[in-house]
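**Q** Quick note, the sequences are listed as chains B and X, same order. Residue 381 in my numbering sits at position 214 of the first sequence; the count goes up by one each step and never skips. Residue 173 in my numbering sits at position 6 of the second sequence; the count goes up by one each step and never skips.
Just so you know, not all the hints are guaranteed correct.
Copies of the same chain look alike in the list, so a pair counts if it fits in one copy or across any two.
Computed cross-link-like contacts, DMTMM-like style, restricted to lysine to aspartate or glutamate with a CA-CA straight-line distance of at most 25 Å [said to hold, decoys possible]: (1) K279 - D207; (2) K436 - E321; (3) K436 - E278; (4) K433 - E288; (5) K433 - E354; (6) K236 - D378; (7) K368 - D216; (8) K433 - D376; (9) K289 - E277.
Since the hints were derived computationally from the structure, they do not count as laboratory data.
There are 2 protein chains.
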Amino acid sequence: MARVVGFDQHPAQTLRAGEGFSLAAVDPDSTPGYSGNKDDGKLLLAEMDDELSGLQEKLFAESRFGGTKRVLLILQAMDTAGKGGIVSHVMASMNPQGVQFKAFKAPTDEEKSYDFLWRIEKEVPAAGMVGVFDRSHYEDVLIHRVHGWASPDEIKRRYVAINEFEARLTDSGTKVVKVMLHISGDEQKERLLARLDNPAKHWKYSHGDLDERAFWDDYMSAYQAAIDETSTPDAPWHIVPANKKWYARIAVQQLLLGALSGMNLKWPKAAFDVATERELVARS
Amino acid sequence: MARVVGFDQHPAQTLRAGEGFSLAAVDPDSTPGYSGNKDDGKLLLAEMDDELSGLQEKLFAESRFGGTKRVLLILQAMDTAGKGGIVSHVMASMNPQGVQFKAFKAPTDEEKSYDFLWRIEKEVPAAGMVGVFDRSHYEDVLIHRVHGWASPDEIKRRYVAINEFEARLTDSGTKVVKVMLHISGDEQKERLLARLDNPAKHWKYSHGDLDERAFWDDYMSAYQAAIDETSTPDAPWHIVPANKKWYARIAVQQLLLGALSGMNLKWPKAAFDVATERELVARS
Numbered sequence: 168m169a170r171v172v173g174f175d176q177h178p179a180q181t182l183r184a185g186e187g188f189s190l191a192a193v194d195p196d197s198t199p200g201y202s203g204n205k206d207d208g209k210l211l212l213a214e215m216d217d218e219l220s221g222l223q224e225k226l227f228a229e230s231r232f233g234g235t236k237r238v239l240l241i242l243q244a245m246d247t248a249g250k251g252g253i254v255s256h257v258m259a260s261m262n263p264q265g266v267q268f269k270a271f272k273a274p275t276d277e278e279k280s281y282d283f284l285w286r287i288e289k290e291v292p293a294a295g296m297v298g299v300f301d302r303s304h305y306e307d308v309l310i311h312r313v314h315g316w317a318s319p320d321e322i323k324r325r326y327v328a329i330n331e332f333e334a335r336l337t338d339s340g341t342k343v344v345k346v347m348l349h350i351s352g353d354e355q356k357e358r359l360l361a362r363l364d365n366p367a368k369h370w371k372y373s374h375g376d377l378d379e380r381a382f383w384d385d386y387m388s389a390y391q392a393a394i395d396e397t398s399t400p401d402a403p404w405h406i407v408p409a410n411k412k413w414y415a416r417i418a419v420q421q422l423l424l425g426a427l428s429g430m431n432l433k434w435p436k437a438a439f440d441v442a443t444e445r446e447l448v449a450r451s
Numbered sequence: 168m169a170r171v172v173g174f175d176q177h178p179a180q181t182l183r184a185g186e187g188f189s190l191a192a193v194d195p196d197s198t199p200g201y202s203g204n205k206d207d208g209k210l211l212l213a214e215m216d217d218e219l220s221g222l223q224e225k226l227f228a229e230s231r232f233g234g235t236k237r238v239l240l241i242l243q244a245m246d247t248a249g250k251g252g253i254v255s256h257v258m259a260s261m262n263p264q265g266v267q268f269k270a271f272k273a274p275t276d277e278e279k280s281y282d283f284l285w286r287i288e289k290e291v292p293a294a295g296m297v298g299v300f301d302r303s304h305y306e307d308v309l310i311h312r313v314h315g316w317a318s319p320d321e322i323k324r325r326y327v328a329i330n331e332f333e334a335r336l337t338d339s340g341t342k343v344v345k346v347m348l349h350i351s352g353d354e355q356k357e358r359l360l361a362r363l364d365n366p367a368k369h370w371k372y373s374h375g376d377l378d379e380r381a382f383w384d385d386y387m388s389a390y391q392a393a394i395d396e397t398s399t400p401d402a403p404w405h406i407v408p409a410n411k412k413w414y415a416r417i418a419v420q421q422l423l424l425g426a427l428s429g430m431n432l433k434w435p436k437a438a439f440d441v442a443t444e445r446e447l448v449a450r451s
């Protein structure tokens with residue numbers, strides 16, 4: 168059997184956006200902290216599946232006995248960066264009963280009539296759940312900034328509101344894991360062309376993606392600003408180089424494993440006398 | 168590579184509850200329509216994963232271009248019969264983005280203040296989605312009948328309401344797949360003992376399961392009555408022998424495959440000129 172190649176340095180450290188972080192300095196082709204190749208990465212991904220689903224079951228089990236811990240994975244990225252692949256390849260090992268998935272689209276008229284966090288609050292994970300946001304409240308400081316849909320003052324207000332919102336999530340038992348999947352403009356071009364070349368992928372292509380692509384540099388500035396303003400000690404951003412899909416997947420898997428491992432999860436103790444119940448069942 | 172052993176007869180036929188169906192005549196240990204063993208079954212399950220997820224992606228894709236088709240899998244069973252295992256082993260291959268999972272627990276006070284279908288209606292799958300109900304509106308004609316929480320007349324009213332409700336789902340584009348996982352009383356005893364013998368499973372054990380177990384025969388009568396009254400041509404019941412978990416999983420997988428295959432799903436046609444877009448992307 169092939170030897171499993173693990174990370175040399177944990178992505179929670181190497182990919183974390185700290186003081187003085189520069190998005191421009193991150194190479195989307197790189198594989199920080201990992202010396203293995205694609206095959207190694209795929210093997211590692213499969214190998215860690217059981218540990219991830221085991222931890223998730225423990226989180227779920229705790230909540231059945233009053234536990235209030237939860238996890239929220241926030242995924243942000245340019246189009247085609249692979250958010251969907253993270254969901255189907257990393258989250259798939261978890262029991263769907265314990266995963267709350269939400270893809271945020273353009274807000275409805277009703278949603279627009281409230282402050283931007285109104286629709287987000289309704290989707291935060293319940294106790295014991297792993298929530299996954301495919302896009303999030305960060306759209307309100309990214310696309311809104313790029314297209315000037317909100318004033319600079321309003322964008323500033325939102326950064327503050329986001330930090331307070333996420334601090335409240337953290338304080339009430341939610342481990343917030345923020346991930347930006349970072350691809351290069353050239354890689355996006357390749358992926359868009361690949362969609363056009365495969366009729367089974369045409370439904371994923373939208374001319375709108377091309378329109379947004381023209382604002383690439385503005386998006387990178389908006390991401391840099393959002394990361395600067397909202398990468399807090401309790402809810403830091405992780406910038407995951409994503410030109411190599413296999414790397415992005417094992418990196419996000421490690422971030423989730425790290426988050427869950429750090430929660431000190433335990434199987435709930437039986438609230439009944441095991442021997443007595445065993446006797447009752449045996450006689451039933 | 169091992170040869171994949173498929174079904175001799177499709178579960179959609181062999182497990183379907185038709186005219187004169189008798190639950191008592193179903194052997195929970197049997198593997199109708201399948202001559203393979205456990206290893207064969209596991210191989211088949213893995214082998215069909217890609218087809219299932221491919222069909223689900225097509226269903227999802229259609230909805231992005233106006234399609235209104237959807238699937239609703241309704242799972243009913245006695246405790247420990249393996250509903251959770253179906254969700255984690257059969258549904259896991261599907262992209263979580265396209266799956267709406269809902270476990271119905273004892274109704275809240277608010278839910279009780281409405282008719283029994285009120286909370287159900289809110290959870291039916293959206294266009295393009297595969298909905299999974301872990302328990303359902305059938306609890307209102309099963310546990311309610313067993314414990315006399317509703318009068319015989321009220322139970323009859325509910326059968327009619329259920330048939331009308333499911334007919335409406337069908338008529339508006341939902342393929343309803345109803346599954347009863349059928350285990351024997353002895354098998355349940357073994358599974359309860361196994362939970363008690365494993366500290367990591369104690370959280371799944373509840374003394375209440377033992378209380379309900381005492382009403383086994385009444386439950387079987389309630390299932391028989393519900394199946395008699397609600398196994399309709401468009402939304403028939405399938406009784407899946409479930410003492411062998413591996414068989415229950417491949418049988419439900421086949422029921423889903425059959426349902427999706429029968430929906431005549433197609434990749435949406437590009438609503439744009441592919442060559443033009445290709446040129447625009449290449450130049451971008």
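**Q** Hints first: check each against the structure and report whether it holds.
**A** Status of each hint after checking the structure:
no. : hint        : in the structure
1   : K279 - D207 : neither (45 Å within a copy, 53 Å between copies)
2   : K436 - E321 : neither (49 Å within a copy, 41 Å between copies)
3   : K436 - E278 : neither (43 Å within a copy, 31 Å between copies)
4   : K433 - E288 : neither (28 Å within a copy, 36 Å between copies)
5   : K433 - E354 : neither (42 Å within a copy, 29 Å between copies)
6   : K236 - D378 : neither (41 Å within a copy, 31 Å between copies)
7   : K368 - D216 : between (28 Å within a copy, 19 Å between copies)
8   : K433 - D376 : between (45 Å within a copy, 23 Å between copies)
9   : K289 - E277 : both (14 Å within a copy, 18 Å between copies)
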